[in-house]
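Novice: The lines below spell out each chain.
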Amino acid sequence: MSALSRREFLTTLGAAGVVAASSGWFTRRLFAMAEEGTLRAPRGPGVERWVPTLCRMCPAGCGLRVRLVDGLPVGLEGDRTNPLSAGGLCPAGFAGLQELVHPDRVRTPLRRDGPRGSGRWTPVSWDEALEQIAAPLRASRAEGRPQAFAVLERGDSPLTLYWLERVLRAHGSPNLVVDATGEPWRSAWATVAGTARPPAPDLANADFVLSFGHESLETDGHPVWQTKTWGRLRAPIAARQASAAYVGPRMSPTANHADLKVAVRPGTEAIMALGLVHVLILEDLADRSFLDRLTRGYHDRPGGSGAGGDGFEAYVRSRFGLEEVSRLTGAPVSEIFRLGRAFGTSRRPLALAGPGALSGEIGFATAMAVIALNLAVGAMGRTGGYVASGGAPLDLPPPEEPDQVARRGLSSARVDGAGWATLPLVRQSPAGLAANLAARRPYPLEVLLVHGVNPVHEWPGGKTIEEALAAVGLVAVVGAVADETARVADLILPEASFLEAWQILPPATGIPFDYAGLQQPVLEPIYQSRAFEDMWFDLARRIGGPAAAAVPAGSYADWLPSAAAGLHRAGRGTIAGGPFHARVAGFMEERGWKAPGPQTAEAFWEEFRRSGSWVDAPRGEHSPAELLGDRAERFDLWPERLLADARKLTGTPVADDALYGGARAAAAGAAGHSDHPLHLLLFDTSTLWAGRTALTPVLLEMSGFREDIGWDSWVEIHPETARRGRIQAGDRVRLESPAGSLIARARITPVVPPDAVAMPRGLGHRHFGRFATGVGVNPLALVAPALDRWTGNAILETRVRLTRMPA
Amino acid sequence: MARWGMVIDLDRCTGCGACVAACKVENNVQVVSPAEGERGRRMHWLRLLVEARGEYPHVEVRIAPNLCMMCENPPCTKVCPVHATYRGEDGLVGQIYPRCIGCRYCMAACPYSVKAFNWGSPEWPEALLSTLNPDVSMRPKGVVEKCTFCYHRLQLGREKARAEGRPLRESDYQPACVHSCPADAMTFGDLDDALSPAAQLSRSTRATRALEHLGTEPRVFYLEKRDAPL
Numbered sequence: 060m061s062a063l064s065r066r067e068f069l070t071t072l073g074a075a076g077v078v079a080a081s082s083g084w085f086t087r088r089l090f091a092m093a094e095e096g097t098l099r100a101p102r103g104p105g106v107e108r109w110v111p112t113l114c115r116m117c118p119a120g121c122g123l124r125v126r127l128v129d130g131l132p133v134g135l136e137g138d139r140t141n142p143l144s145a146g147g148l149c150p151a152g153f154a155g156l157q158e159l160v161h162p163d164r165v166r167t168p169l170r171r172d173g174p175r176g177s178g179r180w181t182p183v184s185w186d187e188a189l190e191q192i193a194a195p196l197r198a199s200r201a202e203g204r205p206q207a208f209a210v211l212e213r214g215d216s217p218l219t220l221y222w223l224e225r226v227l228r229a230h231g232s233p234n235l236v237v238d239a240t241g242e243p244w245r246s247a248w249a250t251v252a253g254t255a256r257p258p259a260p261d262l263a264n265a266d267f268v269l270s271f272g273h274e275s276l277e278t279d280g281h282p283v284w285q286t287k288t289w290g291r292l293r294a295p296i297a298a299r300q301a302s303a304a305y306v307g308p309r310m311s312p313t314a315n316h317a318d319l320k321v322a323v324r325p326g327t328e329a330i331m332a333l334g335l336v337h338v339l340i341l342e343d344l345a346d347r348s349f350l351d352r353l354t355r356g357y358h359d360r361p362g363g364s365g366a367g368g369d370g371f372e373a374y375v376r377s378r379f380g381l382e383e384v385s386r387l388t389g390a391p392v393s394e395i396f397r398l399g400r401a402f403g404t405s406r407r408p409l410a411l412a413g414p415g416a417l418s419g420e421i422g423f424a425t426a427m428a429v430i431a432l433n434l435a436v437g438a439m440g441r442t443g444g445y446v447a448s449g450g451a452p453l454d455l456p457p458p459e460e461p462d463q464v465a466r467r468g469l470s471s472a473r474v475d476g477a478g479w480a481t482l483p484l485v486r487q488s489p490a491g492l493a494a495n496l497a498a499r500r501p502y503p504l505e506v507l508l509v510h511g512v513n514p515v516h517e518w519p520g521g522k523t524i525e526e527a528l529a530a531v532g533l534v535a536v537v538g539a540v541a542d543e544t545a546r547v548a549d550l551i552l553p554e555a556s557f558l559e560a561w562q563i564l565p566p567a568t569g570i571p572f573d574y575a576g577l578q579q580p581v582l583e584p585i586y587q588s589r590a591f592e593d594m595w596f597d598l599a600r601r602i603g604g605p606a607a608a609a610v611p612a613g614s615y616a617d618w619l620p621s622a623a624a625g626l627h628r629a630g631r632g633t634i635a636g637g638p639f640h641a642r643v644a645g646f647m648e649e650r651g652w653k654a655p656g657p658q659t660a661e662a663f664w665e666e667f668r669r670s671g672s673w674v675d676a677p678r679g680e681h682s683p684a685e686l687l688g689d690r691a692e693r694f695d696l697w698p699e700r701l702l703a704d705a706r707k708l709t710g711t712p713v714a715d716d717a718l719y720g721g722a723r724a725a726a727a728g729a730a731g732h733s734d735h736p737l738h739l740l741l742f743d744t745s746t747l748w749a750g751r752t753a754l755t756p757v758l759l760e761m762s763g764f765r766e767d768i769g770w771d772s773w774v775e776i777h778p779e780t781a782r783r784g785r786i787q788a789g790d791r792v793r794l795e796s797p798a799g800s801l802i803a804r805a806r807i808t809p810v811v812p813p814d815a816v817a818m819p820r821g822l823g824h825r826h827f828g829r830f831a832t833g834v835g836v837n838p839l840a841l842v843a844p845a846l847d848r849w850t851g852n853a854i855l856e857t858r859v860r861l862t863r864m865p866a
Numbered sequence: 284m285a286r287w288g289m290v291i292d293l294d295r296c297t298g299c300g301a302c303v304a305a306c307k308v309e310n311n312v313q314v315v316s317p318a319e320g321e322r323g324r325r326m327h328w329l330r331l332l333v334e335a336r337g338e339y340p341h342v343e344v345r346i347a348p349n350l351c352m353m354c355e356n357p358p359c360t361k362v363c364p365v366h367a368t369y370r371g372e373d374g375l376v377g378q379i380y381p382r383c384i385g386c387r388y389c390m391a392a393c394p395y396s397v398k399a400f401n402w403g404s405p406e407w408p409e410a411l412l413s414t415l416n417p418d419v420s421m422r423p424k425g426v427v428e429k430c431t432f433c434y435h436r437l438q439l440g441r442e443k444a445r446a447e448g449r450p451l452r453e454s455d456y457q458p459a460c461v462h463s464c465p466a467d468a469m470t471f472g473d474l475d476d477a478l479s480p481a482a483q484l485s486r487s488t489r490a491t492r493a494l495e496h497l498g499t500e501p502r503v504f505y506l507e508k509r510d511a512p513l
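Protein chains in written order, with this note's numbering: chain B, 60 to 866; chain P, 284 to 513.
Next up, chain B with everything else stripped away, as it sits in the complex:
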């Protein structure tokens, strides 16, 4: 963007005339407010152009068409040809343009000037900024400590992860820490099936979807794809109807649209899943043939003791009697029966578990129990069950052997504690990072690069994270708008908006077919911002040595077409032209026909840019083998190895039924906290997305659009709880937990149980641009930081006391 002086700018505008608005009053106001460096309102011939790209406000990556008038983006809408989102968008998508032109975007790299957190910054060039990171990295590698470099990454783009991992591996650091909320789910699947990637639910063909806290219609998984799929099954003239059921403590929007909802006490989802397995056994609805052939430990427990060499069936029968399950979960036996029967008598049932059910103290047990429930109905490797996750056959450079320095570095312990402070099967432990940094364990860090994550705001114990960062030599934060973590960093690197950058996005996980979306820039970067991948390439080259050799010459955009060539060479799938097109192409392919496509890789790239996505139609045939890892022959119902690892880790005896027994004990011990009688339930909304999207006016005003609340947080309180506390709607209430307290407005609603209150995450920023700062409160202030050793994640669970503030 050329920098015009204000005077020049106003003169040109006066001469050119204005298309922007028809009201003279408005145009005066519009131009009186224009300032240097911001985009100008469209003027000139009014030539319209649409560019297909991807929305990257959340990890899902819906197809987007951006409308440009005279080269400036003025509107956007869902891309109907995208095979996943099919024209749909969630509210966050519509804020993409406001985020692009956010007035507080970081315009140049900034170097800290004064003590950390002082808020004094000096603009520096990209060369200076990247050199400041590269110099200590070169030095520490020369001293044989390449592991003193860590990257904390959001992790919603597989290609970005690929390049981070490749360069770090060449350099010799094992410390790529991904803020993975899916970790409990992933590690549970790894335990059961021995696979690295959790499989995907074939929602389009399931006829009964049971969700354990999985907010399919709000923020979990790919919400727009899930909503589209769900909507199709609800079509007025659908050939087939599917039912949905929900298990959880809060009657969330997803629960609201379930045909059958069963309320359980917070943290007892695992008990309910096992109770349903019990119903299947009692009613002879379990898939015995599947269990006999493909699971281990159903009839007898291999090498077990204690819990009786009993098999899973006998264990569930003896320890999860329905009266017991009912007592622990609070759901009546009749409801458990009704849900179990409906699930078991469906032809293609499927159970999902979401972060809401997996982030508690017994999250891992919940994931295991829900997988066991799926095993009990044989929902593995079959249409309408779990099938292998889709990916994209992109051309990636072959892996390189690390040199000797790198090998030594890679063999050192991870700085987040994954694998040594947690169970060995945990690969990412974001929650362990802060504690280890503060203690300089297992070694001090020279450089920490943070991208797309804001731990000071998003993780429990924000203050302690700030302190932990003080123990790191250099903290560099990559972001478009400076957030709380950037405030206490040494360097801020301005990241380009997704509307200014290139990316190819294969499905992260959870999509049952192969797909790749193309994100392409709709305009040149407005400021001196860069795409993260570009600055990463540049940094690698500056570090030199094997890191530099690991990245290709040129920019990220130069490299992408060669990756896309893999899609062309694969000789299957098609450039997407809408759902109808994909179906026809799949139909033809099954019968040995191939729809004519581009002949050369170059022509393919051009077509790909025009369409915005590539898709390989879902396969019709599945087998359970596609879900099993290389070394696994059957699905493990008992995590024997895990328990052995747990014994080694803690050095204490771990009971044979530690997993589900622990869940039982936790549920039984949940009652009777007189000081803090209420559970705190945290939830996300499609406008706030846990805080990453809520920085623009349109979304902040919609923060509580269902509640008729704007620009504020709220606490959901059951009418009975409110009556006891003499609380009325709109009152200011104080929530106190052992870890902290906050004040928010009361909203009285029957969607929460009487023994809990609920709050949305995402507001309460102390430093996140002019709009979001100071809006609402952050409920994570109530949660004490605690590491779940089974999953490496934080335990987002606490109890609170509720009092009304004097008027």
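There's no promise every hint is true.
Said to hold, decoys possible - Examples of chain B residues toward chain P, derived with CB under 8 Å:
| # | residue |
| --- | --- |
| 1 | Leu156 |
| 2 | Asn315 |
| 3 | Ala322 |
| 4 | Asp617 |
| 5 | Pro756 |
| 6 | His777 |
Unchecked claim - Below, computed lysine to any residue pairings styled on SDA-like, alpha-carbon distance capped at 25 Å:
| # | chain 1 | residue 1 | chain 2 | residue 2 |
| --- | --- | --- | --- | --- |
| 7 | P | Lys508 | B | Ser302 |
| 8 | P | Lys443 | B | Gly130 |
| 9 | P | Lys508 | B | Arg397 |
| 10 | B | Lys707 | B | Pro182 |
| 11 | P | Lys443 | B | Arg108 |
| 12 | P | Lys508 | B | Gly103 |
| 13 | P | Lys508 | B | Asp318 |
| 14 | P | Lys443 | B | Gly103 |
| 15 | P | Lys424 | P | His366 |
| 16 | P | Lys508 | B | Asp266 |
| 17 | P | Lys508 | B | Arg108 |
| 18 | P | Lys398 | P | Glu428 |
| 19 | P | Lys443 | B | Gly105 |
| 20 | P | Lys443 | B | Glu107 |
| 21 | P | Lys508 | B | Arg124 |
| 22 | P | Lys443 | B | Glu766 |
| 23 | P | Lys443 | B | Arg669 |
| 24 | P | Lys361 | P | Gly498 |
| 25 | P | Lys508 | P | Tyr339 |
| 26 | P | Lys443 | B | Ser302 |
| 27 | P | Lys424 | B | Gln157 |
| 28 | P | Lys443 | B | Val106 |
| 29 | P | Lys443 | B | Arg139 |
| 30 | P | Lys443 | B | Gln157 |
| 31 | P | Lys398 | B | Gly130 |
| 32 | P | Lys361 | P | Gly377 |
| 33 | P | Lys443 | P | Glu372 |
| 34 | P | Lys508 | B | Asp767 |
Stated by the list, open to error - Away from chain B, derived, C-beta distances all over 10 Å, residues of chain P:
| # | residue |
| --- | --- |
| 35 | Glu309 |
| 36 | Glu338 |
| 37 | Tyr339 |
| 38 | Gly374 |
| 39 | Tyr434 |
| 40 | Arg445 |
Simulated from the structure, these hints should not be mistaken for laboratory data.
Remember, it's a predicted structure, so these values are computed and weren't measured experimentally.
By construction, the Cβ of each residue, glycine as well, lies at the ideal position given by its N, Cα and C atoms.
Take the given structure of chain B and dock chain P to it, following the hints.
Specialist: Then chain P, alone, in the frame of chain B:
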């Protein structure tokens, strides 16, 4: 002339809010300050009506998108002293901003409460101005505004059809809220065209209209929720 109308399937609507955001951005509806918002001056051309019924855990939250019903017999046009709100030749209820004197009679007359009053001048942070939709004019302080069924899209669609020398198709004209609904809960089209999905749905046994007994003849139909198949 086409009789444009909308059908909203409440069985499919998840209340995600995409239509609310789409409308806000498409029509340059101003974002009022938080303090003004607290005084009930928040502006939406489309908002969700939400009502929770029942006792935990048997709660049913009923959600209905609420927008201008484009009545065939609109109460608002009859009370306007200056003919600022009127029913156009294609039957859509319009609002002429320069003519509006801000008396708000129409707001009082509208049984659906879908009209919004500009209590203050629209304030946009300068940086956000460039992203405003150039097809929709801004409204000054003191006038009433409301949903137009994205009338500017109809105009663009007509121009496009004329340029291509063909009749206007339904796909040329879809309001912003309908286009991006992730649940495909909204259908828009010509209610007089027997082949139009919107017309067919509007004749469904589940179809109903808000406050039908008032005789306003709304062109927005709601399909009632179905009973659980379980």
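Novice: List in ascending order the numbers of the hints, as given earlier, that are violated by the structure.
Specialist: 4, 10, 12, 17, 21, 22, 26, 30, 31, 35, 36 and 37
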